[in-house]
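There are 2 protein chains.
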Amino acid sequence: MIDSLISKIKATSNPTVVGLDPRLDFVPSHIKEEAFDLYGKTLEGASKAFLAFNKAIIDATYDLIPAVKPQVAMYEQYGSVGMQAYIDSIAYAKSKGLVIIGDIKRSDIASTATSYSDGHIGRVEIEGEKIEVYKEDFVTLNPYLGYDSIAPYMNNCTQYDKGMFVLVKTSNPNSGEVQDILVGEKGERLYEYMGRLVAKWGEEVMGNEGYSRIGAVVGATHKEQGIRLRALMPKTYFLVPGYGAQGATASDLAGCFNKDGLGAIVNSSRGIIAAYTLKAYKENFTEKEFAQAARQAVIDMREDLGKCFK
Amino acid sequence: MIDSLISKIKATSNPTVVGLDPRLDFVPSHIKEEAFDLYGKTLEGASKAFLAFNKAIIDATYDLIPAVKPQVAMYEQYGSVGMQAYIDSIAYAKSKGLVIIGDIKRSDIASTATSYSDGHIGRVEIEGEKIEVYKEDFVTLNPYLGYDSIAPYMNNCTQYDKGMFVLVKTSNPNSGEVQDILVGEKGERLYEYMGRLVAKWGEEVMGNEGYSRIGAVVGATHKEQGIRLRALMPKTYFLVPGYGAQGATASDLAGCFNKDGLGAIVNSSRGIIAAYTLKAYKENFTEKEFAQAARQAVIDMREDLGKCFK
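Protein sequences appear in the order of chains P and E.
When you line the first sequence up against our numbering, it's residues 160 to 469, in that order.
When you line the second sequence up against our numbering, it's residues 160 to 469, in that order.
Everything labelled a hint here was simulated from the structure, so no lab data went into it.
Treat each hint with caution, since some may be false.
To be verified - Taking lysine to aspartate or glutamate and the DMTMM-like style, the derived pairs with C-alpha atoms no more than 25 angstroms apart in a straight line are: (1) E:K394 x P:E336; (2) E:K289 x P:D184; (3) E:K345 x P:E347; (4) P:K441 x E:E286; (5) E:K359 x P:D339; (6) P:K447 x E:E284; (7) E:K200 x P:E288; (8) E:K394 x E:E383; (9) E:K200 x P:D247; (10) P:K359 x E:E336; (11) E:K466 x E:D419; (12) P:K294 x E:D184; (13) E:K200 x P:E291; (14) P:K289 x E:E193; (15) P:K382 x P:D339; (16) E:K294 x E:D307; (17) E:K289 x P:E193; (18) P:K447 x P:D218; (19) P:K394 x E:E336; (20) P:K214 x E:E284; (21) E:K214 x P:E284; (22) E:K345 x P:E336; (23) E:K447 x P:E286; (24) P:K200 x E:E288; (25) P:K200 x E:E284; (26) E:K438 x E:D459; (27) E:K294 x P:D184; (28) E:K253 x E:D218; (29) E:K438 x E:D463; (30) P:K394 x P:D411; (31) P:K200 x E:D247; (32) E:K289 x P:E192; (33) P:K167 x P:E291; (34) P:K167 x P:E462; (35) E:K345 x P:E344; (36) P:K394 x P:D307; (37) P:K200 x E:E291; (38) P:K345 x E:E344; (39) P:K345 x E:E336.
Values in this document were obtained by computation on a predicted structure and should not be read as measured data.
Please build the complete structure, drawing on both the sequences and the hints.
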């Protein structure tokens with residue numbers, strides 16, 4: 160799947176992943192009203208509003224982008240009906256040919272990780288029948304538990320051509336409190352140690368295009384650290400959050416790419432899906448034109464990211 | 160809620176938490192058959208079998224224990240119907256007066272963590288209406304992202320009297336690959352650094368019984384490390400996994416308790432809920448008597464843990 164992702168990035172000339180992280184705050188009123196009319200102001204109403212919103216965003220952007228990244232928390236918070244909206248959003252994005260990165264950031268011991276892995280990127284078995292449940296192509300994972308918490312995903316990666324992105328350096332303001340502490344005797348930081356570890360794990364599951372099926376999450380908000388990790392992990396694809404709403408610019412994340420223009424895929428969530436609420440787009444797009452605003456934001460982001468290779 | 164947990168531990172004289180981590184492998188045939196007859200050999204059939212199994216385990220043990228810990232992965236793997244079984248299992252356990260520890264091990268940046276926190280231990284807001292969704296009393300969390308990934312749970316902890324257990328030292332074989340590395344200049348290990356951090360965060364949300372609303376996960380499989388963390392974090396309650404099926408004994412985890420017999424709650428999952436399949440119980444209990452076997456396993460575990468205080 161890392162090979163498919165790379166080929167889609169080349170085909171669209173665009174390393175942008177659209178983060179499907181809806182919030183009721185910016186789902187347009189006409190979508191909410193329609194869902195609430197049918198399902199009430201309930202968990203189900205909110206979930207159906209998210210699904211309708213996502214479909215419109217996907218319809219308006221799928222030809223320009225390689226992948227979408229739904230953030231499961233947005234759906235999980237609404238219980239089982241929310242999880243169904245997550246699953247339905249994934250199915251819809253897949254029907255449009257998009258690669259799906261499930262932003263789940265799970266972490267657990269091997270026996271439990273096997274259940275997450277089977278449900279999200281493998282198959283669960285019920286009385287001999289193998290069933291595909293969530294159908295993501297990639298998932299994000301947290302490495303604090305070490306190798307045996309990651310290994311159960313590696314089996315499904317090779318068996319079903321899937322992939323993962325493991326947290327190395329996250330984009331949030333306090334990430335340094337843990338990830339930047341000095342470790343070992345060589346004056347290395349924890350995120351560097353993790354980076355080396357993730358690169359080592361990745362050697363077991365290399366794809367055909369020179370990159371591993373195990374990628375890394377490397378926040379765009381840390382310019383120098385991105386450059387450092389790029390050097391440490393040349394065969395690891397980076398999923399880069401933090402662009403746009405979290406404050407990072409194209410120049411901040413340029414170092415996350417390799418010289419061939421590959422090696423990183425950059426996420427933007429609110430900057431695209433809520434573009435119509437932002438100053439840059441408000442004047443040209445109404446609330447009802449939210450999907451067209453998202454399309455324009457993708458075009459603008461593609462152009463902005465193009466600066467990384469000049 | 161940490162105060163309620165402590166009062167229930169005192170009332171039952173039992174620091175045992177029953178891990179509700181069902182697997183189809185050990186759900187008795189008669190329960191599976193009934194569910195599959197009604198719902199087919201489907202995700203829904205499997206989920207309903209889990210719920211029926213959990214109810215029987217809860218009925219047979221609730222008067223002896225303070226808390227249950229459902230592992231969300233077991234349910235999440237079956238999609239939205241699985242999540243509904245997780246929610247329904249929690250509701251049933253609460254109706255029997257049990258404290259609920261949702262083993263979710265989530266980790267994300269603040270804006271996303273807020274959604275997890277609101278869904279699991281707070282309230283989600285839909286058009287001004289506040290809705291309680293999962294209704295756990297505690298959740299487990301992964302601290303790799305630092306303070307701002309934990310803070311959104313602290314708000315709900317104080318507002319709704321909830322709590323959390325943050326991973327410090329996990330019970331799995333490879334936990335040392337990350338958690339035991341040397342950090343800083345004082346020859347400290349990462350799990351010790353994390354322990355100090357978690358204890359510091361916990362000072363902001365102290366309960367009335369001398370313990371914080373922020374507890375720590377400390378694996379029973381690491382005897383010396385439990386002792387070390389107990390000394391570093393005297394006001395932090397420990398959730399201790401690894402007893403039984405993962406190999407730890409009462410003597411391994413004795414150091415996780417404070418001298419007053421408080422300070423730790425010990426989880427057993429398969430050792431209780433699948434007791435009828437184990438050598439120690441097989442002779443005395445048939446498959447249909449799985450719930451009675453679980454009850455006996457709880458009684459035996461309570462007695463075994465009693466050795467910690469002698």
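Now for the hints, and whether the structure bears them out:
With a CA separation close to 22 angstroms, the supplied pair K394 of chain E and E336 of chain P stays within the 25 angstroms bound. Annotation: proposed proximity of K289 of chain E to D184 of chain P holds, straight-line Cα distance about 15 angstroms (limit 25 angstroms). A hinted pair counts as satisfied when its Cα atoms are at most 25 angstroms apart, and K345 of chain E with E347 of chain P qualifies at roughly 15 angstroms. In summary, the hint linking K441 of chain P to E286 of chain E is supported, as the alpha carbons are separated by about 24 angstroms, within the 25 angstroms threshold.
Between K359 of chain E and D339 of chain P the CA atoms are separated by roughly 18 angstroms; this keeps the pair inside 25 angstroms, and the hint holds. Distance check on the hinted pair: K447 of chain P and E284 of chain E sit about 23 angstroms apart at the alpha-carbon level, within 25 angstroms; holds. Between K200 of chain E and E288 of chain P, the direct Cα distance comes to roughly 8 angstroms. Compliance with the 25 angstroms bound is thereby established for this hinted pair. This hinted pair checks out: K394 of chain E and E383 of chain E have alpha carbons roughly 19 angstroms apart, not beyond 25 angstroms.
Taking the CA atoms of K200 of chain E and D247 of chain P, the gap is about 21 angstroms. The hint holds against a cut of 25 angstroms. For the given pair, K359 of chain P sits about 13 angstroms from E336 of chain E by alpha-carbon distance, which is consistent with the 25 angstroms threshold. As the CA atoms of K466 of chain E and D419 of chain E are separated by approximately 14 angstroms, the hinted pair is consistent with the 25 angstroms bound. Between K294 of chain P and D184 of chain E the CA atoms are separated by roughly 24 angstroms; this keeps the pair inside 25 angstroms, and the hint holds.
Restraint check for K200 of chain E and E291 of chain P: the C-alpha separation of about 14 angstroms stays at or below 25 angstroms, so the hint holds. Pair hint K289 of chain P plus E193 of chain E holds up; C-alpha atoms about 20 angstroms apart against a cutoff of 25 angstroms. Of the pairs offered as hints, the one joining K382 of chain P and D339 of chain P holds, with about 14 angstroms between alpha carbons and a cut-off of 25 angstroms not exceeded. A C-alpha spacing of about 23 angstroms is found between K294 of chain E and D307 of chain E, which places the hinted pair at or below 25 angstroms, so the restraint holds.
With a C-alpha separation of about 20 angstroms, the suggested pair K289 of chain E and E193 of chain P falls inside the 25 angstroms cut-off, and the hint holds. At most 25 angstroms may separate the alpha-carbon atoms for a hinted pair to count; K447 of chain P and D218 of chain P meet this at roughly 14 angstroms. Only pairs whose Cα atoms come within 25 angstroms are accepted, and K394 of chain P paired with E336 of chain E is accepted, the gap being roughly 22 angstroms. Note on K214 of chain P and E284 of chain E: the hinted pairing holds, with a Cα-Cα distance of about 23 angstroms set against a maximum of 25 angstroms.
Distance check on the hinted pair: K214 of chain E and E284 of chain P sit about 23 angstroms apart at the alpha-carbon level, within 25 angstroms; holds. Of the pairs offered as hints, the one joining K345 of chain E and E336 of chain P holds, with about 17 angstroms between alpha carbons and a cut-off of 25 angstroms not exceeded. Taken as a hint, the K447 of chain E and E286 of chain P pair is honoured in the structure, with Cα atoms around 20 angstroms apart against an allowance of 25 angstroms. Of the supplied pair hints, the one linking K200 of chain P and E288 of chain E holds, its CA atoms being roughly 8 angstroms apart against a limit of 25 angstroms.
With a C-alpha separation of about 10 angstroms, the suggested pair K200 of chain P and E284 of chain E falls inside the 25 angstroms cut-off, and the hint holds. Between K438 of chain E and D459 of chain E the CA atoms are separated by roughly 14 angstroms; this keeps the pair inside 25 angstroms, and the hint holds. With a CA separation close to 24 angstroms, the supplied pair K294 of chain E and D184 of chain P stays within the 25 angstroms bound. Between K253 of chain E and D218 of chain E the CA atoms are separated by roughly 12 angstroms; this keeps the pair inside 25 angstroms, and the hint holds.
Of the supplied pair hints, the one linking K438 of chain E and D463 of chain E holds, its CA atoms being roughly 17 angstroms apart against a limit of 25 angstroms. With a CA separation close to 21 angstroms, the supplied pair K394 of chain P and D411 of chain P stays within the 25 angstroms bound. Our distance criterion of 25 angstroms between C-alpha atoms is met by K200 of chain P and D247 of chain E, whose separation comes to about 21 angstroms. For the suggested pair K289 of chain E and E192 of chain P, the alpha carbons sit about 18 angstroms apart, so the restraint of at most 25 angstroms is met.
Between the alpha carbons of K167 of chain P and E291 of chain P the distance comes to roughly 23 angstroms, so the proposed pair stays at or under 25 angstroms and holds. Between K167 of chain P and E462 of chain P the alpha-carbon distance is near 17 angstroms, which keeps this suggested pair within the 25 angstroms criterion. In summary, the hint linking K345 of chain E to E344 of chain P is supported, as the alpha carbons are separated by about 11 angstroms, within the 25 angstroms threshold. Restraint check for K394 of chain P and D307 of chain P: satisfied, since their Cα atoms lie roughly 22 angstroms apart, inside the 25 angstroms limit.
With a C-alpha separation of about 14 angstroms, the suggested pair K200 of chain P and E291 of chain E falls inside the 25 angstroms cut-off, and the hint holds. As the CA atoms of K345 of chain P and E344 of chain E are separated by approximately 11 angstroms, the hinted pair is consistent with the 25 angstroms bound. A threshold of 25 angstroms between alpha carbons decides the hint, and for K345 of chain P with E336 of chain E the separation of about 17 angstroms falls inside it, so the pair holds.
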